[in-house]
Amino acid sequence: KKITEYFKKFITKNIYVVFLKGKFERHGNCIDIAQPSKFTPNLEEGSIVYLPLGFKATLPKWYRGVVFLRSSAAKRYGVSCPNGHGEIEWDYSNEWKGIIKIDEHTQSIPKGARVFQFYIEPVWDAPWYIKVAHLFAKFNVVEVESLNTDREGLGSSGI
2 KKITEYFKKF ITKNIYVVFL KGKFERHGNC IDIAQPSKFT PNLEEGSIVY LPLGFKATLP
62 KWYRGVVFLR SSAAKRYGVS CPNGHGEIEW DYSNEWKGII KIDEHTQSIP KGARVFQFYI
122 EPVWDAPWYI KVAHLFAKFN VVEVESLNTD REGLGSSGI
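Just so you know, we're using our numbering here: the sequence shown kicks off at 2 and counts up by one.
To be clear, the hints were calculated from the coordinates, so they are not data collected in a lab. Heads up, none of these hints are tricks.
In silico DMTMM-like links for lysine to aspartate or glutamate, alpha-carbon gap of 20 Å or less:
#, residue 1, residue 2
1, Lys-57, Asp-33
2, Lys-76, Asp-104
3, Lys-22, Glu-144
4, Lys-57, Glu-122
5, Lys-57, Glu-90
6, Lys-39, Glu-105
All chains, please: the whole structure from these sequences, using the hints.
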C-alpha cells in the first residue's frame, strides 16, 4: 500500500492556475484555450500580435507548456503563428499569451473561440526520473487566488 501511495504521489503533477477572464479544457491530447475577449485586428499595430489568453499558470518543475494554434485557426480567422509555437517555462507565472501574425485577411476572433491549445511535457534536460514519471503522469489543475513570480515574459530570459 505504501508503494502504491508513493507511486501516485510521484506521478501526480499539479498545475496552479489563476483564471483572469479565460478558461481552458481538455479536448483529445491537447488542452484548448478559449479566447477571453473579442479580438479585432488593427494592421496599424503591426502584423505580430501577442494575444492575452486570460489565465496565469505555474507548471511543475522540469516541465514546459507548448502553446500553438489549433489547426482550424488559419482557415477560420486568417491568422498564423510566426514562430510555430510558444514555450512557457515552469518558473513563469504571469499571464500566458499566444503569438499570431495578422494581415489584411485576418477576421475578428470572437470571445470564446478556441484559437490556441497547449500540452505539457518535460524539458529536454529534465532528470531521468522526471521523464520516466511523465510516462504515467496525471495532471491536476488547481485553481488558486494568486501566484508568486518575479519573471517577466516574452523573451525575458533572453541572452
